[in-house]
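**Q** Protein chains in written order, with the numbering used here: chain A, 30 to 197; chain B, 6 to 333.
Treat the hints with care, as some may be off.
[Said to hold, decoys possible] To be clear about the criterion: a stretch of chain B counts as covered by chain A if any three or more of its residues have a C-beta under 8 Å from a C-beta of chain A, and this derived list gives those stretches:
{"hint": "1", "stretch": "47–61"}
{"hint": "2", "stretch": "98–111"}
{"hint": "3", "stretch": "295–308"}
Think of the hints as simulated: they come from the structure by calculation, not from any bench. In this text, a Cβ means the ideal position worked out from N, Cα and C, and glycines have one as well.
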Amino acid sequence: MAITINSQTYDLPDDPRTTLLDFLRHDLGLPGTKKGCDHGQCGACTVLVDGMRINSCLSLAAMHDGDHVTTIEGLGTPDAPSALQRAFVEHDGYQCGYCTPGQICSATAMLQEIANGWPSDASESLDGPVEASGAEIRERMSGNLCRCGAYANIVAAIEDVAAQEDAA
Amino acid sequence: MKPFDFQRADGLEHAAQLCADQDSKPIAGGTNLIDLMKLQVETPETLVDIHRLPLGRIDETDEGGLRIGALATNTATAVHERVRSDYPLLARAILAGASQQLRNKATTGGNLCQRTRCYYFMNIDQPCNKREPGSGCGALEGIARLHAVLGTSDQCIATYPGDMAVAMTALGATVEIADAKGKSRSVPVRDFHCLPGDTPWRDNVLEEGEIITAVILPPPVAGKQLYRKVRERSSYAFAMVSVAAVVALEDGRFSRADLAFGALAHKPWHDPRLSALLLGKEPSAKLFDEAAEVLLDSAESHGENAYKIPLARRTLAAVLAEATGMEL
Numbered sequence: 030m031a032i033t034i035n036s037q038t039y040d041l042p043d044d045p046r047t048t049l050l051d052f053l054r055h056d057l058g059l060p061g062t063k064k065g066c067d068h069g070q071c072g073a074c075t076v077l078v079d080g081m082r083i084n085s086c087l088s089l090a091a092m093h094d095g096d097h098v099t100t101i102e103g104l105g106t107p108d109a110p111s112a113l114q115r116a117f118v119e120h121d122g123y124q125c126g127y128c129t130p131g132q133i134c135s136a137t138a139m140l141q142e143i144a145n146g147w148p149s150d151a152s153e154s155l156d157g158p159v160e161a162s163g164a165e166i167r168e169r170m171s172g173n174l175c176r177c178g179a180y181a182n183i184v185a186a187i188e189d190v191a192a193q194e195d196a197a
Numbered sequence: 006m007k008p009f010d011f012q013r014a015d016g017l018e019h020a021a022q023l024c025a026d027q028d029s030k031p032i033a034g035g036t037n038l039i040d041l042m043k044l045q046v047e048t049p050e051t052l053v054d055i056h057r058l059p060l061g062r063i064d065e066t067d068e069g070g071l072r073i074g075a076l077a078t079n080t081a082t083a084v085h086e087r088v089r090s091d092y093p094l095l096a097r098a099i100l101a102g103a104s105q106q107l108r109n110k111a112t113t114g115g116n117l118c119q120r121t122r123c124y125y126f127m128n129i130d131q132p133c134n135k136r137e138p139g140s141g142c143g144a145l146e147g148i149a150r151l152h153a154v155l156g157t158s159d160q161c162i163a164t165y166p167g168d169m170a171v172a173m174t175a176l177g178a179t180v181e182i183a184d185a186k187g188k189s190r191s192v193p194v195r196d197f198h199c200l201p202g203d204t205p206w207r208d209n210v211l212e213e214g215e216i217i218t219a220v221i222l223p224p225p226v227a228g229k230q231l232y233r234k235v236r237e238r239s240s241y242a243f244a245m246v247s248v249a250a251v252v253a254l255e256d257g258r259f260s261r262a263d264l265a266f267g268a269l270a271h272k273p274w275h276d277p278r279l280s281a282l283l284l285g286k287e288p289s290a291k292l293f294d295e296a297a298e299v300l301l302d303s304a305e306s307h308g309e310n311a312y313k314i315p316l317a318r319r320t321l322a323a324v325l326a327e328a329t330g331m332e333l
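Pulled out of the complex, with its shape left as it was, chain B reads as follows (with noise of 0.2 Å):
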């Protein structure tokens, strides 16, 4: 590890104003931070420790929603009370993900900052766009069996690897974020991360001294929440392809189809478009495979990753399939 000035934020504002600064990065679980720092991709000059301030409460909203805390750790979220009974989807797509000990350390703002897990992204002897602006990717002619296949670029084709922010694309959840001024804005979770376009190093909104401090879910809605993800292993893998579903019928037909995707993408994958054909219709298998023409009509591969257009269009079935009581 590169040596760094360590800082303790005591309090919020303090963090804010100590990571203004372009080489000082916030942490708190820390789980994929150190890990990068001891392979040098990421050596920020100043640490800031952010994981004691006080932004781990799990609150209900006046609302009816959820509010959970950025420092809330992805086990305290899972095991939630309101979390299992309201949002299993979300419980069930933190799961999903890394191995418990990993999950005990992992936060919730963390989470949504993790880094793609490209090769050539966390190896710094290859030529990486997102590490090293304009040294290339290697994944486009290369090893690309993680890869993306939506929202690409000439730039880069590195995946989003996580599964929580899968579940709250679907869910309609939105990231609360302060600056060092005090200010505070919200986003949604579906415009948080970015496509990598001619920026490939940006993974999301949050500008300099910008800190997430909650998470915000909406009032549970009526209806099926899955999450399905397709690893190479049973366990503790990263996705090839992960579908959550938000999904609800009325006399028959579709009255809810929120769809969120992972492992396709720079981003979770929302595309309305999809509840608006699935919306008033009464599932079949054409319908489904209907679905799956309208979210992969833009798809491309790049060799090794080619699988996953098809295993998306399978995993969007299954997932409706079993989210409707159908029978494939």
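Bound-form chain A, shown alone (with noise of 0.2 Å):
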């Protein structure tokens, strides 16, 4: 029973109730991953789960036996920081920040989503192509709530990095 998390192999926590939130910020002191609401609502939680994003406050720890779970700080390092990393901080796209690591680690997942060709809620069409306009990434990104309200920020973050994506 193991867990790989950033390129590192643990143990499953022996409490069932441990949520994959728990275990990485009180058991494995990884508090990258933040706590909001605690109830899957807010996005603060967001993890990336071979690759797709999921809210790790619902989610128990021991459902995740042999998966490989990527947080904020298996993204990049304030050395070595990914795209999405250095272009939050160019456009100033938090205040307080609390919310900042889910919003990139589920920014992350939905440029892959973009990429694949999967439609959202804001498509007009269910066949692609999509673009990474603003109406697209402000319903993609809905599940990542900013109470201090940086979205314009966050917006221009993802979408400098889209543009930049599109152009390699």
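Relying on the hints, combine the two individually framed chains into one complex.
**A** Structure (structure tokens):
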């Protein structure tokens, strides 16, 4: 019974009640992932499990045997930030910063979903192609709340990275 | 969360046996159940992990429809090529619900079984006949903004909150269910959820030890498919009213009008009188009004949810107009 987090392998917790979020923060000392509402409403706890974004507060660690989890700590470091981490700094995509790890994990997966051509509620057609427009980004990021209201800069940061990836 | 015994099911029959006890609950995506366990609305003694069972496939049926495995995630279903091309109503309904993070975990079976978001049900300090039989209904004389106007009882006015099942109701899908003895039965989605009556604790027809294995979509039909969800903000909110429609015209008259409604009742609402009224008639504002009259002839509001009756009327008319290319 083991779980891989940011390329390191750990034993699963003994208490089956432990959520993936509490396992990361409390048991493993990885406090980058944040506990906001603890009920799947705010998105601050968003992590990637095998590349898919989920709310780690609504998932039991015991149900992640064999999974590969990526947290904000695994996306980049202060010296070598990911493109989204750098863009959030450049665009001032936060005020207090509490929702930021969840926003960045969420946006990382979201750009892949767009690259896959997956539609959203904001997409006119279900058949793609999908453009990373402001309306698409706002719809696709609606599971991540920012109490400071830094939304305009968050969208700008994501649009910037989407445009870079498009050009690449 | 109250302590519980955690069991991993190693097969379908094993899962059904473990779930045969009334204090056991299966868990798959967990997005609703874990939330309710934190609130102590759900306090299972045994949690049966079924998420690794091989029930996640989406396959074509011999009849040309689709069999969506109970463990297929909402995301997998919504982005599936055949769902997008032949059942756009289902893709649209799923994409209109929850957030991407939740849809990535939520499963087909779990979504059908999700519980009401009635504030009184979710709060163990409040009376609720669904959570605690005989304790009363707080919503009847209380905050009832999200609550039902059709098919209610004096015990419960909760709504079924989902979107996916509303689309499946309009599409005439079937739920496939297995029990602990390895037997299987099929129930139309239209009959899967219950009305509250005097057993409001009963959300659906599943018996203890029964597990949903799949939802079967019939072969696709010609016509227009629309899902219109009206909510208080444009994303990540439950419906105030939703309408799912599969509509076709022949020689300017309705040749198909399969309609289902969300957020109006304890189950996705389907009224066979609507297609009986519409079929063979030319679309008109007057006809849409007559349809709304039929749909809502038994509607009853409870204070704060009175808005739902005119909203359902207008949303139905708007959807029928859009589906038939009419301007209202």
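**Q** Checking each numbered hint in turn, tell me which of them this model violates, lowest number first.
**A** Number 3 - this is the single hint that the structure violates.
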